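Chains as they are written, first to last, in my numbering: chain A, 681 to 971; chain B, 8 to 363.
Treat the hints with care, as some may be off.
[To be verified] Label-pair restraints from in silico Cβ distances:
(1) A:853 with B:217: 30 to 36 Å
(2) A:793 with B:44: 47 to 53 Å
(3) B:168 with A:769: 45 to 51 Å
(4) A:746 with B:309: 38 to 44 Å
(5) B:120 with A:853: 56 to 62 Å
(6) A:768 with B:173: 23 to 29 Å
(7) A:768 with B:341: 39 to 45 Å
(8) A:861 with B:44: 55 to 61 Å
(9) B:217 with A:856: 49 to 55 Å
Calculated directly from the structure, the hints in this document are not laboratory data. Being a predicted model, the structure only gives us computed values, none of them experimental. All C-beta atoms, glycine included, are put in the ideal place defined by N, C-alpha and C.
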Amino acid sequence: MSNFVALLFSGLTLGAIYTLVSLGIVILYKATGIVNAAQFGLVGLGAYIAFWASTDAGMPLLVSYLLSIVVMALVGVGLERLTYAPLRTRPVDSVFLSTLAGGFAFVGLIVLWYDAEPRSLRSLFGLDTVTILGAPVPKHSLFVIVVCAIAVAALSWAFNRTDMGRQVRALAFDRDAARLQGIAVNRLSIITFALASAMAGLAGILLGPVAALTPEMGLSPMLFAFGAAIIGGFGRFGGVVAGAVLLGLAEQFGGGYISTNWREIFPFAVMLLIIAFRPEGLFGGEASARL
Amino acid sequence: MRRVLASERDQSAGAKPGHRRGKSAGALPPVYRRRHYLTVVAFLVVIALIGAGNTENMYQISVFNNALTISVATVGLYFAYQLGGMFAFSQAAFMGIGAYTSAILSPDYGFVFSAGVALIVAAVLSYGLAFLLRNAKHMYFAIGAMAFAEIVVLVLRNWEVTAGPTGGGNLYGIAPPSVAGYEFPLPGDIFWFLLAVLGVVLLLSVLLERSPLRRHSLAVKAIPQVTESNGIDPRRSAMTLFTYGSTLGALAGVLQAHSLGTIAPESFEVGVSINLFLMLLLGGAGSLWGGVAGAFFLTWLPEFLRPVKEYETVVYSLLLLAVIVLFPNGIVGAISWLAEKARGWTGRKGKAANHA
């Protein structure tokens, strides 16, 4: 039982982190119609900025987290200008490759800045644990889950209740009609790029204490985030969250009960099967026709 | 209504009016000309002449060998991605499948047989993958192929057969290639073997370029509905091309394993596939030669970048970004653009002479 609870919480933690990356991808897809493959570089960069601020710059941990998120939002604006704005009229494929290149540029920058050696980011709660049903659960896990829940709630409020959210929904529903109605597509794409990259940065910060910091640390979270977005049909947030949690749990339970070495195979296999047999997602989606 | 407009955007985007973007990466490759055979021969002769002077220099020739090997993989990628329209982020994984299959079998069965088995295994697996993902379009296929590639690398790293638990999947001491009793022990010898293999691959590929398969796939790209109503199954040509391309990837893996003598799972990760894409796009995805040009260019670039080795990833990715944004036709596109300019210039001169 205690093993089960421990695995459950670590699965939920990973699921929460994948959710953040994945919602960034989905929001960006809704606002611009492209799939952003730079997320993995952004995850890493967010974690490294927080690492730099908290160790080399000697700032308090919370301040360095916030600093990293703000800087990441600005990085997102730069990314939009560099990889998306010049390719606005090109096919989705080109933008996918250009954002992928952008992501690798971030990886390269991290290698230049530090090096490829693994590092570790401190958590706000250190290594403290609480005991739930006999299992020691790190406080950091609970923190990740709470932060992610708040982020999802805030995001879905913004998406469903604000003007900007309505504009993004209009763009996702019918791009051409929305543009004819005079929605400021440029401004929205900058804002959503900033938002998506801030979320990726936050995911990196939360992932830092769980996994080691390496320049390419964001690659498998991004792939799982793609998987979660597909499971959710690039549609409702609930589906995306469920997809991310499903993949996180598949990783942890597969690793815990079947084999630790083969841990990451399980979510990838789930992804592959879902793309093969339910490309529209498990919850009914809208994107498979367009992507 | 939305979908019609969106698809219009996608198709018109490649053939946007304007300067050299007119024949951008999204547009169709040039029509086949007989010159292709001559180009293959000329290419082989040039590489042979340059390489022959370097066979004594172990380091130089190993760079050559690397470029020749990678060319096979990027030519495969050209067929899978450019003609087949499949985002083959699994290319490096198929290289790995080829490399490991051949490396594991060759001590018992010899080079030719194990290489053959490796190609068959890769062909079956790639067809299986294409079949599994037959309903997945563009991004979905890309993500599915990435998931497949991650699975392959995890298997290589953890399976007993690939020395996963004991050696982390690293294999050493793989015998150099030998065909019909003739061995190629030194890098200088392997160079000639690789050149011959690349020559065969290029000739096969030129034949494929002349075949109905290419015409079908171009038609599928340009006018999918019409093509389908004319009885051409768009999926089938894409799946065939993906299988051919991935099998070439496996061949590159076989060549790499036997020319280097050692392989590790890291050389077949998704990042390597992205590098192969970089080579193809840099060389120019619109032509078979783009892959070769990109492979040679990017294998030599690190030699020039050696003093600033840590900048490699940044330079690569910014280069890729610049190519996608500024030169959708890559090196080959730029060369043929220059050639056309030159021809137009001489043509104008001729006309001017006529006038006078």
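Right, here's what the structure says about each hint:
In this structure the hint that residue 853 (chain A) and residue 217 (chain B) lie 30 to 36 Å apart at CB is violated, the actual value being about 46 Å. Our hint of 47 to 53 Å for residue 793 (chain A) and residue 44 (chain B) holds, since their Cβ atoms are close to 50 Å apart. Residue 168 (chain B) and residue 769 (chain A) have their C-beta atoms about 49 Å apart, which keeps the hinted 45 to 51 Å range intact. Here the CB-CB span from residue 746 (chain A) to residue 309 (chain B) is close to 39 Å, well matched to the stated 38 to 44 Å.
Look at residue 120 (chain B) against residue 853 (chain A): about 58 Å separates their beta carbons, and that is inside 56 to 62 Å. Residue 768 (chain A) and residue 173 (chain B) have their C-beta atoms about 52 Å apart, which leaves the hinted 23 to 29 Å range violated. The given range of 39 to 45 Å is broken by residue 768 (chain A) and residue 341 (chain B), whose C-beta atoms sit roughly 23 Å from each other. For the pair residue 861 (chain A) and residue 44 (chain B), the supplied restraint of 55 to 61 Å holds, since their beta-carbon distance comes to about 56 Å.
In this structure the supplied range 49 to 55 Å is violated for residue 217 (chain B) paired with residue 856 (chain A), their Cβ-Cβ distance being about 40 Å.
When the structure is compared with the earlier hints, violations turn up for hints 1, 6, 7 and 9 and for no others.
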